[in-house]
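In order, the protein sequences belong to chains D and V.
So the first sequence is numbered by the working numbering: it starts at 1 and just counts up by one.
So the second sequence is numbered by the working numbering: it starts at 1 and just counts up by one.
Rather than coming from a laboratory, the hints here were simulated on the basis of the structure.
Be aware that a few hints might be false.
One-sided and incomplete, this derived list gives chain D residues near chain V with beta-carbon spacing under 7 angstroms [stated by the list, open to error]:
1. Thr76
2. Gln174
3. Gly177
4. Val178
5. His254
6. Thr301
7. Ala303
8. Leu376
To spell it out: a stretch of chain V is covered by chain D in this simulated footprint if at least three of its residues, at any positions, have a beta carbon under 8 angstroms from a beta carbon of chain D; those stretches are [what the hints assert, rightly or not]:
9. 206-216
10. 261-273
11. 402-409
Partial list, derived from the structure: chain V residues whose beta carbon lies under 7 angstroms from chain D [unchecked claim]:
12. Glu96
13. Arg100
14. Val102
15. Val133
16. Asp249
17. Gly251
18. Ser254
19. Val256
20. Ala258
21. Gly284
22. Pro291
23. Arg399
24. Trp429
25. Gly524
Bear in mind that the values here come from a model prediction, so they are computed numbers and not experimental data.
Yeah, the Cβ is synthetic: ideal placement off N, Cα and C, and Gly gets one too.
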Amino acid sequence: MGAVSGSLRVAALAVVLAAAIALALAPPVAAADPTFGEAVATSKFGQGIDVEQPATIPEAVRRVEALVRTGGAARTFLTPIASPGTGSTTLRYHHATPAGSLYPNTRVELGFRLTFDDGRVIDSPTTTIRYEDDRFAWQTLEGPLVRVHWVLGDDAFGRRALEIGERSVEEGTQLLGVEETERIDFFVYGDRDAFYDILGPAQRESVGGLALPEIRTLFANIPPAEVNDPWVGIVIPHEITHLVFGTATRNPYHEPPHWLNEGLADYLAQGYNAGARGAVEGAARSGELMPLRALVARFPTTAQRFSLAYDESVSAIDYLIRAHGQDALVSLIRSYADGVSDDAAFRAALGVDVAGFEAGWLADLGIDEPPAHGPLPAPPGPLPPGWAEGPARTQAPGASGPVATARTGPPPVEGEIAGPIVLGVIVVLGVLLVVGLVVVARGLSRGDSLLPSPEAAPENDQWVGPEAEPRPERELPPGADRVGDRELDER
Amino acid sequence: MARLIQRASVWRRAGALLTSLTVVAALLVVRGASPVEAFDPGEVRILVQEPSTFDPSAQADAATAAITAQLYETLTAHDASLNLQPALAESWDVDEDGHRVVFHLRPDLTFSDGTPLTAADVVGSWLRIIDPVTPAPLAALMIDVRGARDYLAGRTTDPASVGLRATGADVEVQLERPGADFPAIVSAPIFAVVPPAAWRDKQDAFGVDAVVSGGYSVAAVTDEEITLERNERYWAGPAPIPTVRLLLDIGGRSPVAAFEDDELDYTEISLVDAPWIAYDRTLGPQLRETPSLALTYIGIDAASPPFDDVRVRQAVGAAVDWRRITTLGAFGGLTPAVSMVPPAIRGAGGEDWLPLHDPERARGLLAEAGYPGGAGLPRIQFAAGGAGIADGVAVELLRELGMDVELVILDDHLARITGDPPNMWISGWIADYPGPNDFLGVLLESDSSENHGHWSSPAFDAAIGDALSTRDPAEAEVAFERALAEIQREVPVVPLFVSTDWSLSRAGLLGAGSNGMGILRMAGMAWAP
Chain D
1 MGAVSGSLRV
11 AALAVVLAAA
21 IALALAPPVA
31 AADPTFGEAV
41 ATSKFGQGID
51 VEQPATIPEA
61 VRRVEALVRT
71 GGAARTFLTP
81 IASPGTGSTT
91 LRYHHATPAG
101 SLYPNTRVEL
111 GFRLTFDDGR
121 VIDSPTTTIR
131 YEDDRFAWQT
141 LEGPLVRVHW
151 VLGDDAFGRR
161 ALEIGERSVE
171 EGTQLLGVEE
181 TERIDFFVYG
191 DRDAFYDILG
201 PAQRESVGGL
211 ALPEIRTLFA
221 NIPPAEVNDP
231 WVGIVIPHEI
241 THLVFGTATR
251 NPYHEPPHWL
261 NEGLADYLAQ
271 GYNAGARGAV
281 EGAARSGELM
291 PLRALVARFP
301 TTAQRFSLAY
311 DESVSAIDYL
321 IRAHGQDALV
331 SLIRSYADGV
341 SDDAAFRAAL
351 GVDVAGFEAG
361 WLADLGIDEP
371 PAHGPLPAPP
381 GPLPPGWAEG
391 PARTQAPGAS
401 GPVATARTGP
411 PPVEGEIAGP
421 IVLGVIVVLG
431 VLLVVGLVVV
441 ARGLSRGDSL
451 LPSPEAAPEN
461 DQWVGPEAEP
471 RPERELPPGA
481 DRVGDRELDE
491 R
Chain V
1 MARLIQRASV
11 WRRAGALLTS
21 LTVVAALLVV
31 RGASPVEAFD
41 PGEVRILVQE
51 PSTFDPSAQA
61 DAATAAITAQ
71 LYETLTAHDA
81 SLNLQPALAE
91 SWDVDEDGHR
101 VVFHLRPDLT
111 FSDGTPLTAA
121 DVVGSWLRII
131 DPVTPAPLAA
141 LMIDVRGARD
151 YLAGRTTDPA
161 SVGLRATGAD
171 VEVQLERPGA
181 DFPAIVSAPI
191 FAVVPPAAWR
201 DKQDAFGVDA
211 VVSGGYSVAA
221 VTDEEITLER
231 NERYWAGPAP
241 IPTVRLLLDI
251 GGRSPVAAFE
261 DDELDYTEIS
271 LVDAPWIAYD
281 RTLGPQLRET
291 PSLALTYIGI
301 DAASPPFDDV
311 RVRQAVGAAV
321 DWRRITTLGA
331 FGGLTPAVSM
341 VPPAIRGAGG
351 EDWLPLHDPE
361 RARGLLAEAG
371 YPGGAGLPRI
381 QFAAGGAGIA
391 DGVAVELLRE
401 LGMDVELVIL
411 DDHLARITGD
421 PPNMWISGWI
431 ADYPGPNDFL
441 GVLLESDSSE
451 NHGHWSSPAF
461 DAAIGDALST
471 RDPAEAEVAF
481 ERALAEIQRE
491 VPVVPLFVST
501 DWSLSRAGLL
511 GAGSNGMGIL
521 RMAGMAWAP
């Protein structure tokens with residue numbers, strides 16, 4: 001019995017040992033895969049999107065992240081969420097959407113990503129939700145390509161907006177030789193505050209429209225009472241042109257110059273009209289004209305210069321068509337789709353590089369290249385004792401220092417600087433005073449008042465001042481090295 | 001609402017405005033005033049990014065360094081022309097063999113509370129950087145001090161084993177490598193001197209009303225503003241401008257618009273605004289341009305598959321036409337980089353060190369590594385933020401290698417890169433001091449705390465060792481070029497852009513010149529008399 005028992009024990013021990021050895025020698029088994037239920041998302045405009053998803057989390061997960069992909073963006077946003085531990089759980093994430101961070105009509109895909117200790121990455125099945133401006137009961141009217149959504153106003157309002165939109169798409173696609181087959185959504189707000197809520201804080205007061213090619217959506221602020229105003233027939237084609245331009249030039253390498261985009265949009269919307277022509281010619285005469293190289297990216301912030309930037313842009317397009325023909329314009333725009341540089345695109349289409357084209361435009365306006373007023377070096381400030389002022393020196397690594405301990409020159413004496421400045425200011429002020437009095441005298445001789453007169457009868461179509469008509473604006477996709485507005489304003 | 005305005009009316013208003021301005025300005029002159037009197041000469045308003053800390057050794061980003069540098073002073077400093085200048089140290093001596101540097105502190109230095117600032121404070125502040133329990137993020141800058149590596153790694157706990165000595169008013173530093181350019185390195189903000197409460201008593205001695213060694217102290221902090229008041233005991237004398245208001249929030253507006261509205265006196269601006277501002281009669285003369293000692297580059301996790309295989313990294317390097325893609329992606333103040341060392345930093349040669357474009361070789365390398373045509377490769381995570389150039393990189397890697405690249409925006413970008421990096425990422429690095437090693441050894445030496453991709457190359461380490469072991473600049477340059485060649489060969493990183501800093505500085509503000517390292521010396525600013 002004892003012997004049998006001993007044999008059994010030995011056998012049992014052998015089995016256990018064999019099992020242990022087998023386990024030890026077996027290749028490592030990957031951690032079990034997670035399981036997921038269906039993800040469900042809900043959204044509230046201006047607040048956020050909530051997503052939750054049942055899941056079973058196995059061992060060896062080192063990171064859990066929420067995953068967000070917004071329509072039109074080539075990026076996946078990942079943010080870590082608190083570890084839910086192992087076993088059955090519900091993963092939850094709130095994606096905040098403060099004003100301006102996510103545009104209505106954007107399709108948003110949400111889910112979760114698990115990263116394992118061994119580096120494996122597993123994404124949950126995602127859900128997609130359309131982020132909507134749910135503050136209003138939208139009316140909708142649909143055409144062959146454009147779908148108009150509006151809040152205030154009757155059917156006639158919607159029909160007019162739709163008719164302008166469809167016509168603009170047709171004209172833009174014909175000119176640029178592209179085909180638009182995917183629907184374009186056009187949201188018309190009737191209230192400035194509501195419209196600005198989608199743009200976000202700190203927008204220019206004159207923004208009247210917004211085109212987002214990446215989500216094929218336009219926004220405009222058109223109060224019902226103004227639907228028949230002439231500017232409505234301008235802002236809609238302007239924004240639609242941006243969208244068509246985006247389709248025509250899309251490439252992953254290089255953005256066309258901002259002036260080309262805006263100039264074309266203005267040209268197709270209203271041509272190079274008398275107002276723009278007057279502004280450009282006036283700026284050329286007064287030396288205030290900005291060269292095109294100043295307008296490749298963001299336009300000026302001041303209202304008058306902002307407006308002049310548009311006028312110059314359309315002037316350049318007008319010159320381009322007069323000097324090189326419409327086919328050259330189409331060729332130029334379409335060449336950007338190949339991801340070429342500005343110079344390469346201009347050379348291929350026009351036979352001159354950008355500088356050559358700009359020189360021709362300036363010559364057409366009868367002026368030389370405008371002078372730059374900056375940048376200027378920072379005026380020096382007071383130096384600490386022992387600091388030597390001067391150009392950069394190259395020191396050998398580890399050299400003893402400092403080289404000089406004495407001040408290289410005395411600090412500025414007030415009178416030496418202030419004297420010439422005061423004298424200069426007096427001279428300049430004298431000249432300004434004379435000029436100002438002459439201008440006023442000329443005005444008064446025609447019976448004008450010294451005070452501004454808002455009711456003054458119009459003599460031409462010039463847009464002036466910050467109260468000017470809403471100007472279309474265009475936002476570009478985020479990109480630290482791309483031309484854009486929103487993303488580069490933020491600090 | 002649109003308004004149509006007569007041209008004559010416009011001219012009339014312009015004339016009236018001109019006259020009014022002239023009269024007002026003339027009155028100011030008659031009273032002996034200058035136009036800058038419109039500003040409060042007792043303060044300057046500067047737009048900044050919110051700092052992550054006021055502790056100089058805890059900072060790891062340029063925005064924080066720009067603020068801590070106003071609060072805590074270093075022994076040396078680089079002025080706006082990048083000259084190395086004496087600060088708390090009146091002078092310094094370097095031994096013939098370069099292994100020993102002695103800094104001589106200025107006499108009678110004090111902290112802002114009047115207590116003496118001594119050589120012991122310098123040593124204590126510098127030991128905080130390599131505290132093995134809470135090392136500074138930029139501790140790599142200290143590792144050329146003898147014994148610092150072992151102390152940092154916890155292999156020794158005796159601070160006396162570190163080559164730092166306080167003797168009277170002198171701070172003696174023993175260096176492992178004589179070419180380390182230590183007097184320039186200690187101008188970096190992490191080497192600032194903090195009071196004993198911080199280094200000796202281990203207190204959180206930073207923030208409002210904290211004792212400082214720099215030109216200013218923190219008087220108040222709100223969500224909108226950090227208010228600095230000048231340190232009346234500052235070694236260079238009280239700053240000319242008593243109060244600095246560091247604005248953190250301008251309501252989401254453009255800095256340019258806030259500057260135009262006279263809400264700011266100095267602000268950095270986006271490179272996309274600089275082109276038009278240059279031609280603006282009012283803003284143009286207030287525009288400042290500074291070549292930045294900053295580099296944008298792609299980092300690669302060389303310690304994890306698939307990039308732990310050098311052939312896969314080499315394939316990435318050869319698949320993309322970096323010259324073309326950076327030229328097309330560059331805009332305004334961005335300049336395509338051809339080396340990890342920005343051109344404004346001398347001493348590393350001027351060669352082109354980008355990987356050579358050879359897609360056929362790239363495909364061959366990938367096949368050799370076991371991924372022919374990209375088969376078997378995992379999806380590559382590329383943390384690119386909003387950088388547009390990444391789109392082109394992803395397109396080229398897919399086209400040439402069949403490499404599926406997912407562009408991601410990481411909410412915790414910096415933390416992830418530091419602790420658990422993705423396969424590839426875009427990062428920026430601004431010089432701590434204007435020397436090549438700040439972009440080479442500090443970022444890529446095998447045991448550097450900033451080597452987030454964990455690339456390890458004995459050849460690179462040897463080249464850096466040689467560069468830092470000589471006091472002959474020509475020899476150092478040759479060694480640095482060997483290091484750059486190794487980067488070009490093994491592709492642990494790919495340089496993308498160098499940049500230009502643009503800012504607006506109010507007319508009449510003197511001394512508001514940045515040195516390209518993101519540091520504005522506010523104690524050197526003054527309003528024109």
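Status of each hint after checking the structure:
1. Thr76: With a minimum Cβ separation of about 5 angstroms from chain V (threshold 7 angstroms), the hint on Thr76/D holds.
2. Gln174: Hint on Gln174/D: violated, closest Cβ of chain V at ~29 angstroms, above 7 angstroms.
3. Gly177: Violated, about 23 angstroms.
4. Val178: At 20 angstroms from the nearest chain V Cβ, Val178/D fails the 7 angstroms test, so the hint is violated.
5. His254: 4 angstroms, holds
6. Thr301: Holds. Min distance 5 angstroms.
7. Ala303: It is violated, given that the least Cβ distance between Ala303/D and chain V is near 11 angstroms, above 7 angstroms.
8. Leu376: 5 angstroms, holds
9. 206-216: Contact hint for the segment 206-216 of chain V vs chain D: violated, 0 residues under 8 angstroms.
10. 261-273: holds (count 4)
11. 402-409: It holds: at least three residues are needed, and the segment 402-409 of chain V offers 4 whose Cβ sits within less than 8 angstroms of chain D.
12. Glu96: 10 angstroms, violated
13. Arg100: Constraint on Arg100/V not satisfied, violated at 10 angstroms.
14. Val102: Violated - the Cβ of Val102/V stays beyond 7 angstroms from chain D, reaching only about 10 angstroms at its closest.
15. Val133: 25 angstroms, violated
16. Asp249: 9 angstroms, violated
17. Gly251: 6 angstroms, holds
18. Ser254: At 5 angstroms from the nearest chain D Cβ, Ser254/V passes the 7 angstroms test, so the hint holds.
19. Val256: 5 angstroms, holds
20. Ala258: 9 angstroms, violated
21. Gly284: At 3 angstroms from the nearest chain D Cβ, Gly284/V passes the 7 angstroms test, so the hint holds.
22. Pro291: 11 angstroms, violated
23. Arg399: It is violated, given that the least Cβ distance between Arg399/V and chain D is near 11 angstroms, above 7 angstroms.
24. Trp429: 15 angstroms, violated
25. Gly524: It holds, given that the least Cβ distance between Gly524/V and chain D is near 5 angstroms, below 7 angstroms.
In summary, the numbered hints that this structure violates are 2, 3, 4, 7, 9, 12, 13, 14, 15, 16, 20, 22, 23 and 24.
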